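J.: So you can see what is in the structure, the chains are spelled out below.
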Amino acid sequence: MAEAEVIGVLIVYFMILIGIGWWASRDTKSVAGYYLADKTLPSWVIAFSANTTGESAWLLLGLTGMGYMVGFHALWIVLGEVLGVALAWSVVARPFKTLTDRYDAITVPDYLSDRFGDRSHTIRVVSAIIILTMVGAYTAAQLTASGKAFSSFVGTSYEGGVVIGAIVILLYTSIGGFKAVAYSDLVQGVLMFASLLLLPIVGIWQAGGWRELMGGIAAIDPALLTPMGSYGLSVAGVASAIGFAGIGLAFLGAPQLLTRFMSARDRVQILRAGPIAVVCIVVFDIGAVLTGIAGRFLFPGLEDPETVLPVMSTTLFPPVLTGIILVVVLAAIMSTVDSLLILASSAVVRDVVQQVFKPDLSDLKLAALGKAVTILIGLGGLITALGESRTIFWFVLFAWSGLASAFTPVVLCSLFWKRTTRAGAIWGMIAGFITTVVWVLIFKERFYDLYEMIPGFGAGFLVTIAVSLGTEPPPGADADLDAVRRVVGGPFSPAPSRGVDDHLIFEGERK
Amino acid sequence: MIAGLPFPTWILMAAATLLGLILVLVNYRIHSRAEGPDTGHGRGQSDDG
Numbered sequence: 003m004a005e006a007e008v009i010g011v012l013i014v015y016f017m018i019l020i021g022i023g024w025w026a027s028r029d030t031k032s033v034a035g036y037y038l039a040d041k042t043l044p045s046w047v048i049a050f051s052a053n054t055t056g057e058s059a060w061l062l063l064g065l066t067g068m069g070y071m072v073g074f075h076a077l078w079i080v081l082g083e084v085l086g087v088a089l090a091w092s093v094v095a096r097p098f099k100t101l102t103d104r105y106d107a108i109t110v111p112d113y114l115s116d117r118f119g120d121r122s123h124t125i126r127v128v129s130a131i132i133i134l135t136m137v138g139a140y141t142a143a144q145l146t147a148s149g150k151a152f153s154s155f156v157g158t159s160y161e162g163g164v165v166i167g168a169i170v171i172l173l174y175t176s177i178g179g180f181k182a183v184a185y186s187d188l189v190q191g192v193l194m195f196a197s198l199l200l201l202p203i204v205g206i207w208q209a210g211g212w213r214e215l216m217g218g219i220a221a222i223d224p225a226l227l228t229p230m231g232s233y234g235l236s237v238a239g240v241a242s243a244i245g246f247a248g249i250g251l252a253f254l255g256a257p258q259l260l261t262r263f264m265s266a267r268d269r270v271q272i273l274r275a276g277p278i279a280v281v282c283i284v285v286f287d288i289g290a291v292l293t294g295i296a297g298r299f300l301f302p303g304l305e306d307p308e309t310v311l312p313v314m315s316t317t318l319f320p321p322v323l324t325g326i327i328l329v330v331v332l333a334a335i336m337s338t339v340d341s342l343l344i345l346a347s348s349a350v351v352r353d354v355v356q357q358v359f360k361p362d363l364s365d366l367k368l369a370a371l372g373k374a375v376t377i378l379i380g381l382g383g384l385i386t387a388l389g390e391s392r393t394i395f396w397f398v399l400f401a402w403s404g405l406a407s408a409f410t411p412v413v414l415c416s417l418f419w420k421r422t423t424r425a426g427a428i429w430g431m432i433a434g435f436i437t438t439v440v441w442v443l444i445f446k447e448r449f450y451d452l453y454e455m456i457p458g459f460g461a462g463f464l465v466t467i468a469v470s471l472g473t474e475p476p477p478g479a480d481a482d483l484d485a486v487r488r489v490v491g492g493p494f495s496p497a498p499s500r501g502v503d504d505h506l507i508f509e510g511e512r513k
Numbered sequence: 180m181i182a183g184l185p186f187p188t189w190i191l192m193a194a195a196t197l198l199g200l201i202l203v204l205v206n207y208r209i210h211s212r213a214e215g216p217d218t219g220h221g222r223g224q225s226d227d228g
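Respectively, the protein sequence lines represent chains A and B.
Each number in the numbering used here corresponds to the 1-based position in the first sequence with 2 added.
Each number in the numbering used here corresponds to the 1-based position in the second sequence with 179 added.
It should be emphasised that the hints constitute simulated quantities derived from the structure, not laboratory data.
One or more hints might be untrue.
To be verified - Label pairs and their computed distance ranges (CB to CB): (1) Gly472(A) <-> Val205(B): 36 to 42 Å; (2) Leu197(B) <-> Asp362(A): 49 to 55 Å; (3) Gly211(A) <-> Ile190(B): 20 to 26 Å; (4) Leu363(A) <-> Pro187(B): 34 to 40 Å; (5) Leu197(B) <-> Ser364(A): 39 to 45 Å; (6) Gly211(A) <-> Pro187(B): 42 to 48 Å.
Quantities reported herein were computed from a predicted structural model and do not represent experimental measurements.
Ideal Cβ positions, reconstructed from N, Cα and C, are used throughout, including at glycine.
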C-alpha cells in the first residue's frame, strides 16, 4: 500500500473536520447552542446525522462481517433497521419535537423531567448514570475500532491509532459542539453512502456478475442464500431472526438519536428528512450485507470475518481509494463517538450541574464547562480503549441495547399513553437497563443467544406500564398529549387543527 | 429460484427495501400540506411573531 497517498487522504479529511469545528464554534456560547445547535438544523443534516450516529464501525466492520458469515440471513437486520428508522421519522419524531419545543427541553432527560413534573431530579440522575455508563462502553469500543483500522490500513501501532482517533474527535467536538457534530456527520454520511453503493457493485463485478456470485455462494453453502440461514426454520433460527430485527428498535427512542429530532429547525424539516433517512439506511445496510456476501465468494476462509472490508479495499482498489475507504471507516467511528460525547456531556452539565446543583451559573460558563466535560469523558474512553482490545460487534450492540432499552419504552409511553407516570418512567428506565446487563451476563447463552434488546425492551415496557397503573399521572399530561394530537395528527391521519399556532392549541387544551 | 436466489429471500429483501420507504412517503403525503412553510404551522410561532 502506498502509505503516503493514504496518509495524504487522511490529513485532508482531518483538516475538513477541524475546519467544520472551527466554523461551528461561533454558535457554542450557550447551553442550547453547544448541545442542540440552537434548534436550527435542516432536513439533510438531521437525516444523515441520525443515521451515521446510529451506525458506527459496527456497520462497516461488523455488518459486512455478519454478511460474510451468515449470508442473506443478515437481511433480518436490514428489515429491522429500515422499519425502525421509518417508524421513528413518521411516528415518533413530530410529536417528540412538538413536546420538546413546548417544554423548551435541550436534552432527553430534560424532556422526561418536564413531561412527568419531576421536581426531585430523580429522572435526571438515573438518566445521567445510565448514559455515562453506556457511553463509556460505547466510546471505548469505537476507539478500539479506530486503533484496529489505523493499524490494519496504515500500519501504526494499535495504541497510536486509538490516540490519533481520539485527538481528532475531541478537537472538533469540543470546539464546535452539536453543530460541528451534525455537519461533520453529514460529510461522513455522504462518504459512507457512496462507499456502500460502490463496494457491492465492485464486489459483484469482480465475482463475474450476480448469477456467478450466487452460484459460487451456493457452492460454498446453500444455506447462505436462504432467509433462515444455517439454522433453518428452528427455534434457534427464529430467535436469531427476531434478535437481528430487534437491533432496529433502538431507532425509535435511543437518546443520541432523539436529539436529532429536537435539533430540527421545525417539523417541516422532520417530514422531509424521513424519506432521506430511509433511502440512506437502505443503501447503508443492503450495501454492507452484499459487500460481506461478495467478500465471502472472493476471499473465502478469512480468519476474522470483520476484516472483509479492509481486505476487499486493499486488494480491489488503488491506494487513493483505499485511503478514502479508511476515511469512511473512521467516519463511521467518529460520527458515532462525537454524538455520544455530546450526549454524555449534556447529561452531566445540563441535567446534573445546571438543573440540580448550580441553576444560576451563566450560560457562557456552562457552555465552557460542557467543552471541558466532553474532553474528560473522551479521555476516559481513550484510557479504557488503550487498556484492552475488544471484539467490536457484540460490545457495540450491548451498549446500543443498554441505552435504547432504558429510554425507548419510556419515551414511547410518554408520547402515546396519557396514563404514564413519573414512577413508571423511573422504574421502566431502571428495568430496561438492568435487564440488558443481566441478560448478557446470565441468560443469553441459555436462550439461543437471543439479543438483549428484546428482553430489555419487554422489561422496560412491562415495568413502565405496571408501575404507572398503580400511581397517579402528572396533572396536565392529558391536555398536553391531546394538544400534540391536534398539532401533528396521527401517523396516518392529518392534523385536525391545520394552520393554527401550536401555542394557542396547547393553551386551549390546558383550559 | 429467481436469479440464483430462493423466492423467500427475495420477499425478505423486498420487504427490507420497500416497506420503510412506503411508510415514510405515505406519511409525507398526509402531513406535508398541514406542515407546509406557507401556513407558518409547525414552527411553534404565530404568524404575527
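J.: Now tell me if each hint is right for this structure.
T.: We went through each hint and held it up to the structure:
no., hint, verdict
1, Gly472(A) <-> Val205(B): 36 to 42 Å, "holds, 38 Å"
2, Leu197(B) <-> Asp362(A): 49 to 55 Å, "holds, 54 Å"
3, Gly211(A) <-> Ile190(B): 20 to 26 Å, "holds, 23 Å"
4, Leu363(A) <-> Pro187(B): 34 to 40 Å, "violated, 59 Å"
5, Leu197(B) <-> Ser364(A): 39 to 45 Å, "violated, 52 Å"
6, Gly211(A) <-> Pro187(B): 42 to 48 Å, "violated, 23 Å"
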